[in-house]
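Peer 1: Below, each chain spelled out in residue letters.
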Amino acid sequence: MMDKHLFHYKGSKSVMALIGLLTLGQAVVIIFQALYLSKAITRMFQGAALSAVLPSFLIFLVAHILRHFLQWGKERVAYRFADRTALSLQQMLVQKVFDLGPRSIGKHGSGNLITLVLEGIPQFKTYLELFIPRFMAMGIIPFVLVLYIFTVDRLSGIILAIVLPILVVFLILLGYAAQKQMDAQMDTYKLLSRHFVDSLRGLVTLKYLGRSKSHQKAIEVVSDKYRIATNRTLRVAFLSTFALDFFTSISIAIIAVELGVRLIGGHIGLEVALAILILAPEYFSPIRELGNDYHATMDGKEAGQQIRGLLVEKTVDQKSLPSAPTWTENSRLIFRGIGKKSEEEWDILQTINFTVAGYQKIGIVGTSGAGKSTLIDLLSGFTQPSTGMISIDGVDFNHLSVPNWQDQLTYIPQHPTIFSGTIAENIRFYEPNATREEVERAANMAGLNELIQSFPNGYDEKIGQAGRILSGGEEQRIALARSLLQNRSILLFDEPTAHLDIETEHEIKETMLPMLENKLVFFATHRLHWMKNMDLIFVVEDGQIVEMGTHEQLLRKSGAYGKLMQAHRKGVRG
Amino acid sequence: MTLFQTYIAPYLKKYKKAMLATILLGVLAVLSGAMLTFVSGYLISRASEMPETILLLYIPIVLVRTFGLSRAVSHYLERIAGHNAVLKILSEMRVKLYGMLEPQALLIRQRFQTGDLLGTLADDIEHLQDVYIRTIFPTAVGLCLFVYAITMLALFDWLFAIWMAFCLSIIVFVYPLFSLYTLKKHQRDAKKKRGQLYRTLTDAVFGISDWMISGRKDHFITGFMKDSRTSHRMENKLAYWNQSRGFQLQIISGVILVMVGIWAGNAAQHGEIIPAYIAAFTLVTLPILEGLIPLSHAIERIPAYGESLQRIKTIQQFVQDKGESKGNVQAFKKADISIDNISYRYEGEQADALHKLSLSIPYGQKLALLGKSGAGKSTLIQLLQGAIQPTSGGIFINDHSPIEYGDQIYDLVGVLNQKPYLFATTVENNIRLGNQQATIEEIENVMKQVKLDYYMDSLPNGLQTQMEETGQRFSGGERQRIALARILLKDTPIVILDEPTIGLDPVVESELIETILTSLQDKTVIWITHHLIGIEQMEQILFLDQGRIAMQGTHEQLMNTNQRYQQLYRLDRGLVDE
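These protein sequence lines map, in sequence, to chains A and B.
The number in our numbering is simply the position in the first sequence, starting from 1, with 362 added.
The number in our numbering is simply the position in the second sequence, starting from 1, with 150 added.
Just chain A, with the same shape it has in the complex (with noise of 0.2 Å):
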């Protein structure tokens, strides 16, 4: 039940230590608070005046409100610490992201990430900030009274002593049976439960099919399923809060039975009797809020375990790395031997070997899956290559996440990000403190002009996803403004016309071409008539460069490049 990652956390012993000790001091003064209460109540049982039982009531009160207040700083102080741990975790974690790269980022979901950083550590400081408290209190009050009440009353003593063990059995005997018939449900359960927003995302297809009328009532019938089911559920996740009042109310009827039982026979006095009633409860009553709070809690312990999880994986320390020299028209860049694995450990690409140099122009092509993106992705340093070396002008590197490489370079994929901002704001991206005039310059150049013109805010029109929706031409354009801003010599490409319409690719073709001129570019694509406006084409099949050369060396050739321009020529059928 203990989670022994809590003591790792920066201060989290001394948070423990002041918490446990103000816990022993809550425990002491609940002793009092009974003590006096019930002399007050039985002096006045006894029929004392007003006068003479006042100062009873005064040191309870005294002892309830100090009580309280030990309460207050407990919660304090553990809220306190919950709020600074989390707030380094989550630093650490967005690091991490960002240490991951975008292919780790994809692997783990996007979605997922997010999530993690946004709501699981809001859970884990909920967890943290309950947990110690609850845990403290459950180790320490129960203990302090059932030593107090044992050296005034052995039996009543005897009688709660016995009775939180076997409540705590109990407890952990629900819980086990509660999860054995969760896991059991699990498949019905998360069908049934996906079912509704399954219905809501794919209405445009049930309407297209003509069965949205009638899907309604499927809903209503599935609803009524995942009721019945999340019943059956919680009749047995609830029988562990009925435990936890059951046995503390019995355990109250037997200790107040037991105690009228032996004042009638005078074997103990009302003062005792009345204190330990007032205890009982208060012996239950840590456990029942561990017990209350366990569930809220659990989110956040599993948030704490995959955040952990996440903290600890691989990434490269770009801090240590040496250098990449700048590019320019005399640079030389080597991939000797390059392959890269998956996961699963099979080979996506293998011993992968090219020079290029200066500012040549390099078509990548191949069918899907070849190995074109990974590629790409070795190019720009999201990934790193499992063997090989690269060197470039003679300096060697294992991989290319290296800041002053990735400075050089800039990256369009099939859909750019445009992130939510105006648009100047997204032209700006790598170059922040650009003037509006080369902002104006490079959106030109980019053809961007007309769609700007047309914007009721012009350049600060807002765009992204609180703002207006671009087409996939467009979004290209926006990508290609943003790297003729800082004109940055090296262009990767990957995919970026294949998804747009012939129209928009021919317009897009025309802006792009001399945008390539004087800078190193990998242009992956099966859009083949790029090829011919490239220096040099690489052909990937299954994970290797299999030929290498011109469009007019590779045609004359009629080996693979001409079995994939065949294809595409031929269309279908044609």
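Think of the hints as simulated: they come from the structure by calculation, not from any bench.
Beta carbons: idealized from backbone N, C-alpha and C, even for Gly.
Worth double-checking, as some hints may not be accurate.
Said to hold, decoys possible - Selected chain B positions facing chain A (Cβ under 7 Å, derived; list incomplete):
#1 L193
#2 L207
#3 Q337
#4 F356
To be verified - Result set (DSS-like, lysine-lysine): computed pairs, CA atoms no more than 30 Å apart in a straight line:
#5 K663(A) / K676(A)
#6 K376(B) / K824(A)
#7 K163(B) / K663(A)
#8 K334(B) / K163(B)
Please build the complex by placing chain B on the supplied structure of chain A, with the hints as guidance.
Peer 2: This is chain B only, laid out in the frame that chain A set:
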């Protein structure tokens, strides 16, 4: 408050009995707990008077045990009953929301361009259970308890009861309402800040490659953490207030308990109650106060529900203003389309999305529709489906406008779009959506037509294979084939292909196009495409530009006469010479 009346109150009324039962059980649970303390106190005090025989204490002894048991049982039943009622309500709300969205399904995406609105709405419904479980039930139980406690006290001393009513009101009314009003703005601000963090991070994660190569990622992290700290500070204020409020309420509770104690002692001295009640009254105060303290927290949550309700309301308002037409024309298995001089303009736009377009598509024709985004392709399709009505001109399928067919239009027009939705159930169920009455032979037959029969046979569960969430189990090409099988089973005379091959590699793409065109041989096909693979097989090619026809004809005609078409064709085939 109107949101409450529209979305909460009707269900409260409808499930009145279940609601009352839950509240009653809840009150019973708290009262049993209180009475357990009350009777225990009485029992011990009476026992200390050493009565002759234990039989005199027989009733309290039985009561103590009864209350002990009934507290646990009624608390358990309360939770079961409450959840059951709430789940019933959620079920109804799901049906209601679905019913609201269904008629306008084709226009939702256009109207609300926010990410996953539908997913958010589904979540909103789930969140609404908190309205009942965490706010309505605890509040109702608290109020009943308050009334009951004061009434009981009034039986003994009505003057003191009034005084107590006043004191308890601080806990029951003053604190909750104060919390609600002072924290409302604060909660809203904190939520806004959280939303902003969400947007920033989502942007950054999706644009991570740009951040990496921008060389400015540390800049982002510093900025993000600064915002995050601000957000945390706002949340901390709320949390600290909660902790302090807890402390303050406990102090008040202590004072109230002392007042009750003193009152009981006094009353006993004056013979208004018997002395054994002193302990009972004093001790019962604590469990009652414990039952009232959570009210602040329950009430404070109210603003949090507003947003979910507001979103549902927005959807409903959008949907309401569109009347739904009842179909009164029978659909046939043959269909000729004629479009006569139609124009369409979206609300608030300056230019026509379609401008004076005329076109005839005889039954069985294969038409390719091309054009840049925004050229009017989707508008034309929506007009064909009767989702929107032309601003001027007429569109007819078999001499009737699509809108006259009502929902029967979908027996005439089938659609295979870019990302056909595949439901998280078996492959067979997904295909069967095309026709619930289809025999297994018919299903196997369409699987053969889409060339998935061998592949399906190779899977251990065959047609019973689960699609998993959004069909993830299958590749892009396979998903399109499954969706195509569904449309073939539906057997509509007109099929619209809305860029079904986008994102597929050229080899997979040509195979899929081949399958599609072969299996749809006898039908009218309107194929929206972004490039020219397979274009030779189409009988009519139509390029739209800004709502007007830019090029029209067969492949041969255009190749012979249209220079622009030639250029595009050569570009597409990699034949460009520059």
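Peer 1: So, for every hint listed, does it hold in this structure?
Peer 2: Status of each hint after checking the structure:
With 7 Å as the threshold, the beta carbon of L193(B) comes within range of chain A, its nearest partner Cβ sitting at about 5 Å, so the hint holds. With 7 Å as the threshold, the beta carbon of L207(B) comes within range of chain A, its nearest partner Cβ sitting at about 6 Å, so the hint holds. Annotation: Q337(B) was flagged as interfacial toward chain A, and the flag is violated, the nearest CB pair being 15 Å apart, outside 7 Å. Hint on F356(B) holds. Least Cβ distance to chain A is approximately 6 Å, under the 7 Å limit.
Distance restraint check for K663(A) and K676(A): the Cα-Cα separation of roughly 23 Å lies within the 30 Å cut-off, and the hinted pair is therefore satisfied. Of the supplied pair hints, the one linking K376(B) and K824(A) holds, its CA atoms being roughly 24 Å apart against a limit of 30 Å. A hinted pair counts as satisfied when its Cα atoms are at most 30 Å apart, and K163(B) with K663(A) does not qualify at roughly 40 Å. Simply put, K334(B) and K163(B) have alpha-carbon atoms about 28 Å apart, close enough for the 30 Å limit, and the pair holds.
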